[in-house]
Amino acid sequence: MSWRRALKDTARSGIAVERKRLEPLIAVRGAAGLAIVIALSLWLFGPAAAASSAFGAFQAAIATFQRSWRPRPELAIASGTSLAVSTFLGYLTISKEPLFLALLVVWTFAAGMSWAAGPTIGLIASSNVAIMLVTVTLPTSVAQAAGHAAMMIVGGLVQAALIVLFPVRRWGAHRDALADALAAEADYARRLRHDPVASFDPQPLMEARNAAAVTPRQARRRPAELHGARGIAERIRPVLASLADPAMGVPAEGPARDRVRELLASAAALLDAAAHAIRHGEPVSAPPAALATFRTPDTGSILTGAPYRAMTRLNTLLQDVVETAGGTPQEDTPHKGAPSGARGTAHSAENDGRSTPRPAPTDPGARGTAHSAPATRSRPTTRTRPTFLALIPKALKAMRGELHRGSPITRHATRVSAVAATGYILGTWLPLGHGYWAPLTSVMVMRPDFSQTYSRAVARLAGTVIGVAVATGVVQAATPGTLQSGTLAVASAALMYLLMRTGQFATQACIAAYVVFLLGMGGEEWTQTVPERVLLTLMGGFLAMLAYAVYPAWETPRLRTRLADWLAAQGPYVAAVFGSYADPSASNAPDVREALLTARTARAAWHAAVARATAEPVRHRGLSRTAADDAEDALAQLGRVAMLLEAHLPERGATPVPPAARFADALRESTHKGAKAIRERRVPTWDAVREALDAWETENPENADKVVRNTATLVLDTLTELSEALDTAVPPMTLDGTAPEKPNGPRNPKDSATR
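Using this note's numbering, the first residue of the sequence shown is number 758, and each one after it goes up by one.
By construction, these hints were calculated from the structure, which means they are not laboratory data. Glycine included, C-beta positions come from ideal geometry on N, C-alpha and C. Watch out, some of these pointers could steer you wrong.
Keeping only pairs whose Cα atoms sit at most 20 Å apart, straight-line, the calculated EDC-like set for lysine to aspartate or glutamate is [stated by the list, open to error]:
| # | residue 1 | residue 2 |
| --- | --- | --- |
| 1 | Lys1433 | Glu1373 |
| 2 | Lys765 | Glu1373 |
| 3 | Lys1430 | Asp1462 |
Here are the computed distance ranges between Cβ atoms for each label pair [claimed, not checked]:
| # | residue 1 | residue 2 | range |
| --- | --- | --- | --- |
| 4 | Ala970 | Gly1038 | 44 to 50 Å |
| 5 | Gln960 | Ser759 | 29 to 35 Å |
| 6 | Arg1439 | Arg778 | 45 to 51 Å |
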């Protein structure tokens, strides 16, 4: 992408206003906390202290809006306290410019490194540095600086107290995350009706898993409908794919396919009903027609083998998720041939399959887990997370892990600290006054990646011009006094809280108006702040954009590494699934689950890297967009093949499949070597996997384990496609003018056709 197009796209995204669900009650609560702090400070200390403390309450409320599963009251307290410490230390050094510059560089570098601990901490730290540049100019003595810092802490405490006393959707984010996961699976079921090999983005499941981690205190107060449903949802996804995929036995057309479409539509309706109930905290209203679809008596004569087992298991899991979500579905009449205990659940707890007993099949030789265990519920387990204080060592460890030369976080911290110091020096040197506006803008807009930095710079400039213009017009027309200016500042903050999720443009406009009114409350005329604010904001945004162009951290050259990481994580997951068939007696369900979670994390990192690289104005270095897309498709297909096999993991008493062990070992070793080859810009080879598959065919010509062996063939074909995607060299022409067949091509056309 050219620089011109990249700048055009980022500018468009910066000024875009998104349509999001607004939360007026939360905005009113944040504005109320700000009003309380301003009124208290005006009454006790005067306008200057009120302006300083208002920044603390303002920032504390912003911190509670960040997407985080941590206790939000603690975020408000941490934000106010950290801003107080920054302000007090800044005031102690502000009179000695070299010392203040050193503090600014150290503080900004630490804020930049804090992005390694997550976007919430990174944003709070960056905002604190930016606001500190303003608040250090307000006190006039050390005692006043201490008083201002104390009032900032009070501002954080007030916001935290309001969150505790007046909760708004206390578990709303957790409900939304779980409901989004169920709704995503409902959409997946509908798409499978028309595309039996449709893809599924596991991001909603990952968000739901993050939301399910609670502290022991939260676990005691968590609503009952948030227990267990996520664990069931995790098990539903592979069953849906297994039921729909033609490779598992259902032909592309015919009565069996029609019945599968009906079952998928009913599953989508039940999942949507459960998602709606969880999101709003209401009882489930399960559609009777959807429940009746699974009770149709002739299903057993239409579906047989693996599809029938998948249907039976899907029925059990859907009843469990409806019951867990807060509904009591009608008592299900077992299918013809279904076991009497099919009504029970084997996956009700949020244990991700770690301690769930595997059910026994109803037909001899059936290797898939078709039915649930007897009607006994395993005791739900809770995913615990550390308390807020326990997160501090983990955050420091994450920052230390990124503290090396090649880290994009370190490069960001270096950029932002250099730009902050440069902006402060230039702002002080220029005869404009209020020189801190330039570094403040730079710190607020700079992010570790290119697109966010440039889009936020455009949004801040455009929003500042609009916000300052509106606020200036109001000041000129109304000439408000101290109390009126404080009221206008609170109104601007409330509007900002309300529109925060709609985009940076609206947010920056409200912030600009807020600062104008707040400093006006402190006695500064608009003519003292507006002109230099606009010019210095332009300077700060330009410095931020220039710094990324001079010292970038492009994601495009690292795409090969991200792809290699995904392959290195996907291989052990596929190998763990095959290992389950090699030794069903082993307790390997946790191994499969942990490997799947690792693969999901690597997949999410790859997609995030591709999204960032797409917006970058640089050429690819060894991995073109086409090659990246083809390689992504191959790895996604590899995960899908393993997921289909995972949907029918054998019970502990099933017959072992010894060749699967050798295949799993070869796959684990080959994917590790393949990841290394990708990092070294070589095309991976799969000779060990091919040899293991050939030995499998030789040792077991009767194909007693046909489903597992055919899946192994699909795995090899998928790996071959990955190599073909990465092999961008032009093959030599043969004597007849055609290109020779690649050595890693499909084993035979019939195998490729099964894809």
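Hint-by-hint comparison with the structure:
1. Among the hinted pairs, Lys1433 with Glu1373 is inconsistent with the structure: their alpha-carbon atoms are about 26 Å apart, more than 20 Å.
2. A hinted pair counts as satisfied when its Cα atoms are at most 20 Å apart, and Lys765 with Glu1373 qualifies at roughly 12 Å.
3. Simply put, Lys1430 and Asp1462 have alpha-carbon atoms about 28 Å apart, too far for the 20 Å limit, and the pair is violated.
4. As the Cβ distance of Ala970 to Gly1038 is approximately 21 Å, the hint placing it in 44 to 50 Å is violated.
5. Between Gln960 and Ser759 the beta carbons are some 30 Å apart, a value that agrees with the proposed interval 29 to 35 Å.
6. Checked against the given bound of 45 to 51 Å, the beta carbons of Arg1439 and Arg778, roughly 48 Å apart, stay inside it.
Taken one by one, the earlier hints fail for this structure at numbers 1, 3 and 4, listed in ascending order.
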